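Chemist: Chain by chain, the residues run as shown.
Protein chains: 4
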Amino acid sequence: MTHNLNIFENMESEVRSYVRSFPTVFTKAKGYKMWDEAGKEYIDFFSGAGALNYGHNDTVMQKKLVEYITSDGITHSLDMASSAKAEFLTKFNETILNPRDMDYKIMFPGPTGTNTVESALKLARKVTGRTDVISFTNGFHGMTIGSLSVTGNSMKRKGAGIPLQNVVTMPYDNYVDDQDSLDYLERFLDDSGSGVAIPAAMILETVQGEGGINAASFEWLQKVESICKRWGILLIIDDVQAGVGRTGTFFSFEPAGIKPDIICMSKSLSGYGLPFAITLIKPEHDKFAPGEHNGTFRGNNHAFITATSALSYWENEQFEKDIKVKSDIMMNFLEEMVEKYPELKGEARGRGFMVGIASDVDGLSNKIAAKAFELGLIMETSGPKDEVFKLFPPLTIDEDGLKQGLAILEESIKATVKEPVTN
Amino acid sequence: MTHNLNIFENMESEVRSYVRSFPTVFTKAKGYKMWDEAGKEYIDFFSGAGALNYGHNDTVMQKKLVEYITSDGITHSLDMASSAKAEFLTKFNETILNPRDMDYKIMFPGPTGTNTVESALKLARKVTGRTDVISFTNGFHGMTIGSLSVTGNSMKRKGAGIPLQNVVTMPYDNYVDDQDSLDYLERFLDDSGSGVAIPAAMILETVQGEGGINAASFEWLQKVESICKRWGILLIIDDVQAGVGRTGTFFSFEPAGIKPDIICMSKSLSGYGLPFAITLIKPEHDKFAPGEHNGTFRGNNHAFITATSALSYWENEQFEKDIKVKSDIMMNFLEEMVEKYPELKGEARGRGFMVGIASDVDGLSNKIAAKAFELGLIMETSGPKDEVFKLFPPLTIDEDGLKQGLAILEESIKATVKEPVTN
Amino acid sequence: MTHNLNIFENMESEVRSYVRSFPTVFTKAKGYKMWDEAGKEYIDFFSGAGALNYGHNDTVMQKKLVEYITSDGITHSLDMASSAKAEFLTKFNETILNPRDMDYKIMFPGPTGTNTVESALKLARKVTGRTDVISFTNGFHGMTIGSLSVTGNSMKRKGAGIPLQNVVTMPYDNYVDDQDSLDYLERFLDDSGSGVAIPAAMILETVQGEGGINAASFEWLQKVESICKRWGILLIIDDVQAGVGRTGTFFSFEPAGIKPDIICMSKSLSGYGLPFAITLIKPEHDKFAPGEHNGTFRGNNHAFITATSALSYWENEQFEKDIKVKSDIMMNFLEEMVEKYPELKGEARGRGFMVGIASDVDGLSNKIAAKAFELGLIMETSGPKDEVFKLFPPLTIDEDGLKQGLAILEESIKATVKEPVTN
Amino acid sequence: MTHNLNIFENMESEVRSYVRSFPTVFTKAKGYKMWDEAGKEYIDFFSGAGALNYGHNDTVMQKKLVEYITSDGITHSLDMASSAKAEFLTKFNETILNPRDMDYKIMFPGPTGTNTVESALKLARKVTGRTDVISFTNGFHGMTIGSLSVTGNSMKRKGAGIPLQNVVTMPYDNYVDDQDSLDYLERFLDDSGSGVAIPAAMILETVQGEGGINAASFEWLQKVESICKRWGILLIIDDVQAGVGRTGTFFSFEPAGIKPDIICMSKSLSGYGLPFAITLIKPEHDKFAPGEHNGTFRGNNHAFITATSALSYWENEQFEKDIKVKSDIMMNFLEEMVEKYPELKGEARGRGFMVGIASDVDGLSNKIAAKAFELGLIMETSGPKDEVFKLFPPLTIDEDGLKQGLAILEESIKATVKEPVTN
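Protein chains in written order, with the numbering used here: chain A, 1 to 423; chain B, 1 to 423; chain C, 1 to 423; chain D, 1 to 423.
Same shape as in the complex, but just chain A (with noise of 0.2 Å):
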C-alpha cells in the first residue's frame, strides 16, 4: 500500500513541519541511505536531526533487539530493575566513564531532550537553593517550559504563551565582534548592582545545533568552567545533540578537559532512533529525593538493548580516528565551497560532523537544501534565519556515501547560486 501526503495534510496539526521540507513518504531506511514509498533513494545528511548518529537500522542493533522482542523481554518498566537497564548501567559505566575519569550518578528523567533538560535545571535549582539560570544566545534545549526558558529562538519562546521567567541570557563565544563574552559575562556577575543575581547554574551546548552551527572554543568553555567553579554555579553541559560522537568523541566537551556539574543526554544514546535519554549527575550534587522526578517512560527497555549494543563502538579507538578522517573531509570540502562559490557569502563552521554553511545570502541555504532533496540529499538548515546548511550525516557512512552526498551538495550549491535570487 502506498500513501499520500493528503493524509497528513488532512489529519495532521499544522504544526508539523519535516514534513513539509521533505514531501515524501518515507518507508524504509538503512545506514545512511532511506527510501520513500515511490522506491526512490536519498542519502541522509540530517540522522534524525542527530538521534541516528550510527545510521538507521545498524545491524548488530537490530538483531539484539529483536531477540529481546521475541524472547518476552520486558518492554516498559517505568524505573523498576530490568535486566536490560542493569546491563546498560554496568556497559556505560566501562564503557564511557570509567575510561574518562568520570564519576557521575545516573538519571532516567524520561526519554526525550527536554526531560533531561528540565531534570538538570530542577536538580541545580535545588542544590544551589537558587532560582535563576543563566544560559547564552542561540541555545535550544527543548520545548516543555522549564527548557523553552533557556531556549533563545523568539518564535518558539512566542509559543509559550506566557513570560519565560528565572533566566539571563548570555553572548556566546564569538557572539559580538571584537568583545570578549565573558568579560561581559564576569562583569556582570562581579558588580552586586548588576541586576544579575548569581544563578544556580549556567546550561549551554558546546556546539550549537539549533542555534546555527556555533562552536565554542575550548578556551572559552574552560573560562565557562573557572567562572562557574569560582562563583559556586553548576555547569550544564546540554550534549543532547552534540554528544554521543557528533563532534568527534563521546562526549563534545572532552578536548576541552572540563569536568560538567551536569550533562544531559539523549537523540544519539539508544543507537537506533529510540526514545531515550539521561542526566549525569555529579555525585554531590545527587539530591532530589525518591520520585521528586518522575515520568512514565524513564525506562525503555527497548532502548536499554540497542544503547548497550551501541556503546561497543566507543570500545575501539579505530571509531574516533575514523571520525576525524571524515570530518576532514568534510570541512576541507566546505571551506572549498566557501572559496569556489563567492555568491554564497558563506563561512564554514562547526565541528567534527556537525558543520556547515552560513551564508549571507537571505533564504540561499533553504534553496540549497531544498535543492539537495530534489537530487536525493536530506540536509536541513538551521540559525536564527535558517541561514545554515547543515551537513550531519551518519558517524558510520563509509567515504564513498560521504562523498557522494557531497558531489549532489555541490551540484545542488551550484544550480541555487546560478538562479536569481527572489524571496
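FYI, nobody ran anything at the bench for these hints, they're computed from the structure.
Nothing here was measured: the structure is a model prediction, and the numbers come from that model.
Glycine included, each C-beta is placed from N, C-alpha and C at the ideal position.
Treat the hints with care, since some could be wrong.
The list that follows gives simulated cross-link-like pairs (lysine-lysine, DSSO-like), each with its CA atoms no further than 27 Å apart [as the list claims (entries may be wrong)]:
| no. | chain 1 | residue 1 | chain 2 | residue 2 |
| --- | --- | --- | --- | --- |
| 1 | A | K126 | A | K259 |
| 2 | A | K64 | A | K33 |
| 3 | A | K229 | B | K158 |
| 4 | C | K287 | B | K158 |
| 5 | B | K282 | B | K126 |
| 6 | D | K418 | D | K403 |
| 7 | C | K158 | D | K418 |
| 8 | A | K385 | D | K229 |
Computed Cβ-Cβ distance ranges for the label pairs, DEER-style [as the list claims (entries may be wrong)]:
| no. | chain 1 | residue 1 | chain 2 | residue 2 | range |
| --- | --- | --- | --- | --- | --- |
| 9 | C | V66 | B | E186 | 53 to 63 Å |
| 10 | C | V66 | D | D398 | 49 to 59 Å |
| 11 | C | E315 | D | A407 | 43 to 53 Å |
| 12 | D | D190 | A | K40 | 51 to 61 Å |
| 13 | D | D398 | C | G376 | 25 to 35 Å |
Reference listing, derived: stretches of chain B covered by chain C, where coverage requires no fewer than 3 residues with Cβ under 8 Å from a Cβ of chain C [as the list claims (entries may be wrong)]:
| no. | stretch |
| --- | --- |
| 14 | 36-44 |
| 15 | 187-200 |
| 16 | 253-263 |
Given the coordinates of chain A, work out where chains B, C and D should sit on it, guided by the hints.
Modeler: For chains B, C and D alone, kept in the frame of chain A given last:
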C-alpha cells in the same frame, strides 16, 4: 547472567523510586505476568502505571513489530511522513474518531505524557491570548515546568525550585464535604473582583490516578464543559492515564457525553509500552505555526506499528463489554473488602479498571502493597498521603488471573490489618 | 481667579477619575464641608476615600502645622531622626499601642498605602522564606505591582500589563452562599496535593471598602488568625482604609480581639490628609536589614506634626462613644431606606462609619451618587460593579451635618428610583 | 523638649538607615543649613537625597504654603479638580513644557518616585502589549515590586522575597572597559535567537545617583533613543533624582536633545520636600482607562502650592547660569582632591550638582562621610560598594556656603587618608 540490586544503588540517582517499592530485577513479562531473574512469577496489577493496558508483549503487536524491524522499516523520523505514520493516522481516524463523531486534528508533541500536556497548555494560551490556566486539586499532569505548574502534589512542586506560575487551582469534584465545588468555581469566574481572571483553559483528569483514584461524576464533567463554553475557556482533558480503555471506554469522558477542546493521550496509546503521545485538537484551535512546538522523538515509528495494531481491539464491541464485566468483579470485591475488614477504615473508589481503596489508617495502604509484592502481586499506592492502594490490572487479563490477583490482595489485607500498626 | 475643567481635560492624563464623578473645581474645605470656585457648598460623605476621618483642615492641627512651618521646622528628612518624628513615636506608643497592650515596631515605608502593603509583603516573604501570599476576593491593596498582585479587581489587574504572580485568592467571608469560606481555605492548606502551598502570609481588610463594603464577622477573623497560627503563616491586616477609627475603633480589628503579625496604616493617619503611612511589625518579625526597604518620603515631618495632634482625639473615651451613636444613626437610616424603597433591591452593609447600600439594580448606585452630587452631597460608589453607594462622612461630623447629608441622600434615592432605569 | 536617639532604637524598625549615618536629632533647617536639638549647625550637601534642590524651607514657598493652609485651602483631594491643581498644571505648562517645545500629558500617579515608575512601566506594557522591560546595570528606581524589578542592587532585590521578573538588565554606558555597551544591546535586539525579546520599554537615569554617580554621555543617550525608535520601544527616563535642575537643567536629558516617551518626576518637584510625583506621557501613549491606576495621595494640594511657586525659579535664565558656575567650582574642587590626595585612588564623577568621587579604597568613602558629619557637613555615599561620596548641595546654595562645605570636605579627606585603613 543475573544482576543484583547493588548496581542500581551504586549507579542510579537517588531519584529512583519504583525499584525501592519492588526490590527485584525483572527480566521477562507476558500478558498479566512478570518474572524476575530468580524466576519468581508476579501478577501485574500495576500495568506500568497505566502504560500497559493491553498487558505485556501482546503477541499480535509483538509479531508486527518484529516484522517491521526486520524489514528495515523507518525507526526514527521526527515528523517526516512515513508509511507507518500514515497507517496509524488512518486507523485512528477510522476506529476511534469517526465512530465517535469526533473531528480533531492530531499533533505529535513528543512521546510522553508531559509533552502532550505542555503542548496543550501552550496551544490554549496561544489561541485565547490569556495566560492563566485552571487546574484542580490533586491533579497530576507531569514533571516538566509547564505540566508541573498544573500538578497539585506539593513535594513534586517544590522540586521545581522556582515558584510555579500562571495557574489557579480549583477544587475537584467532592473536594469539600457538602459543598458543590463548581458553585465556588463559578462564583470566582463571575465576579470581576475575585482576583481570578478568565483563564485560557481548564485542565483535568476525569478520574485522578496519582491524586488518589478520585472519579468525577458525569454531571460534574458536563457542568465543567458548560462553564468552559460560557466563558470561552478551552477544556483540556488529560486522558494520559484514564484513557485508552482504562475506565472502560477508549476516552474516559465518553459516558459523560462531553467534547473537550483538547485531549492529551499517551501511556497505553502505543499498546506495547513504547513512548508515544498525541494531542487531539478541535480544528478551530489548530493554530500552532509549523514547528512552533517540536521535539526529536515526536515520530516513534515502532510505536506507530504497535499502536495501529492495538486499535484493532476497539473494532469489536465485545472488548468494552468484557472490561465492564471484569470491572464489576473488581468493584464488588473492593466493596466486600471494605465491609469485611473494618480495620481498613476503607472507601472503595474509582471506575472501570482504575479502582482502589482509600484507607484512613496512616501508612496502611503502603503496608498492604508491600505485603502483596511479597506474595507475588504488583500493585502501587497513590493519593497525597499514599492512602489509596490501586488496582490497575491489564484490560486483557482473564477472569482467572483477575481472581488470583484479588485473592492475593485479600491475603495481603488480612495479614496487614492484623499486625499492630507502627509508623 | 476661577478655573474651568478644560485645564484638566487638556493637560491631565486620561487616567484621571474623580474629576469625572465630581465635575467642579474645589477651592476650600473645613470640617465636613467643601466649597467649589463658584461658591457652592457640599457636604462631604466621601472624606477623601477615608483619608480625612477628622474632616478637612481641623483647626487644632492646622494651627500646629502652621506654627511648625513658620518656625522653620524640618520638612523633609528621609529617615533621619527629627524632633517631630520623636514626638510622633512617643505619642503613638502612649496613646495607641500601650493602652491596647500591643508590642510592635514601627516602620516608615514611604507615605502611601501601597508603600506599607509592599513593605509588609516583602517582610513576610523574607521572614518565612516562602513566596506565596493568600489574598481574598475583592480585596484592594494598591496599584504598585506587589500590592496589585493581592488586589482582586480585574480591570486594575489588567493594568499591570504582566501576569501577577505569587498570590492565591481565597474567598472572603460570605463569598459563596451557604458555604463557609474557611472550610475551603483549610482544606486547601491541609491537603498536600491541593496545589496551594503554605503561604508566607494572608493579607486582608476587616471591612472591604473598594470591594463593596463587605464586613467580615469577628468569628471569621478569629478563625483566620487561628489558621495562620496553626500553619505558621503571618497575618497582615491592611487597615489603610478601615483603620484610624473608620469602623469605630482605632484599629478595625480591635473588637475581634486579634493581634495581627503586621498592620498596614495610612490614609487618615496624618489626620490632615497628608501623605503618611506606617507598618507595624511584631518585634519577632522585625527582620529587614538597614535600608533594605527605603524611600525618599518615608519621613514627612508635616505629617508627624498633624498625626501627633490627631492622636489626642483618642485620649478621650467619648470619641469612640460618639462615633457609635452616629454610626447607629447611619445604619438605621440605611435599613430604613432599603425597606422604604424596594425599587433599590438594596442591602445595608458595613460597620461604623464605613457603610452603604448594595443595590441589585445595575447602574442605580452610580445614578444615586450623581444625583447626590447635584444636590450638594459628595459620595462615591464601590464594589466590582459599582453596586454599592458608600457613606464615609468624617468621624467628627456633628449630628446636624449628618442628618442634613442623609436627607440629601434620601432625596437622591427618591428621585432616582422614580426614573426609568436605562443603562 | 529634647529627645535622644533611644526613642528610635526602641520603637523604630531595624530597617531605619539614615539615622544610623547621621546619629543626631534634627529640629530646624533653612536654606543649606540644618540644626540639631543641641543647637549644632550643619551644612547640607545631601539635600534629602535630591528632594530639596531649593534648600530647606524656602521663604517664598513657606509664605505661600502658610497662606494656603490658613485660608482653609483644600488639602487632600485625590484627583478631584482643585484651584491649586489647576494653577500647578497651568504654570508647569507655561514655564516648563511650552518653552521646551514638549507636548506631554500629566499623570498624578501617587506622591513618590516609585509610584511614578510603576505607572510608567504599567503604561508602557499596556501600550505595547509586551511584557519585558530593559533596565540598566546599577539603575535605581524604587522599592515596590515593579520598580524593584528594574533596580540593580542585589541586597534590595533580595528584599523582595520573590524572583523579580519581566526584566532584562543591559550594561549602562561605560560598563565594561573598551566595550561599547550598546553594541551588545543592539546585537541582542537584532538577533531573533538571542533569547531577549523586543521589550515594552527601556528605563534609565541619565545620571545614576544611587548607582554611583555614573553619568551617561549625551551620545549614548541619543543612541539609546534611536534604538528605541527603531524597534518601537518606549523610552522612559526616570528623572526622579537627576531632574528638577540637579544636573543643571530642569530635565536632565535636555542637553542630549532627546524626547523620552515617558518621564518620571518626583523628589524636588514640590520644591519644599513634600511628597509629590508626576508622570509625563507623550499624548499618543496616554492610554490608561479612567482610574486604571489610582492612589489616595495622588493630589497633594500643599505640594501643588509649593511646586507652583518653585517653578518661578525657572522663569529666569540666570538660575541655570548660576548652577553652572557653582557646578564648575565643585568639579574643579573634586578633580583637585583626586590629584592632591592620591591615597584616595579617586575618580571625579557626575555632572551639575550631582557629583562625587569614587574611591578604589574599600570603605574609605564611608569614613570620609562620617568624618564630614562630625565636622558639620552632611553628605552620603552611593554605588554598589558605597565607594562614592556624593556632593548634593541645594542648587540655591551661595558660593560662600559652597566653599565652606568644600573646606570641611577637604579637611575630612585629609584626616581620613592619613589614618591607617582598617575595615
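Chemist: Against this structure, judge whether each hint is valid.
Modeler: Right, here's what the structure says about each hint:
1. K126/A to K259/A: holds, 20 Å
2. K64/A to K33/A: Given that 27 Å is the threshold and the Cα spacing comes to 21 Å, the pair holds.
3. K229/A to K158/B: Holds, at roughly 26 Å.
4. K287/C to K158/B: holds, 25 Å
5. K282/B to K126/B: holds, 14 Å
6. K418/D to K403/D: Cα-Cα ~23 Å, so holds.
7. K158/C to K418/D: Violated. K158/C to K418/D sits at ~58 Å, over the 27 Å cutoff.
8. K385/A to K229/D: Within the cut-off at roughly 23 Å; holds.
9. V66/C to E186/B: 53 to 63 Å: holds, 57 Å
10. V66/C to D398/D: 49 to 59 Å: Between V66/C and D398/D, where Cβ atoms are some 28 Å apart, the hint is violated.
11. E315/C to A407/D: 43 to 53 Å: The hinted range 43 to 53 Å holds for E315/C and A407/D, with Cβ atoms some 50 Å apart.
12. D190/D to K40/A: 51 to 61 Å: Given a distance of about 41 Å, which is not inside 51 to 61 Å, the answer is violated.
13. D398/D to G376/C: 25 to 35 Å: violated, 52 Å
14. 36-44: Coverage by chain C is violated here, the residue count being 0 at a Cβ distance below 8 Å.
15. 187-200: holds (count 9)
16. 253-263: Answer violated; 0 residues pass the 8 Å Cβ test.
Comparing the model with each earlier hint shows violations of hints 7, 10, 12, 13, 14, 16; every other hint is respected.
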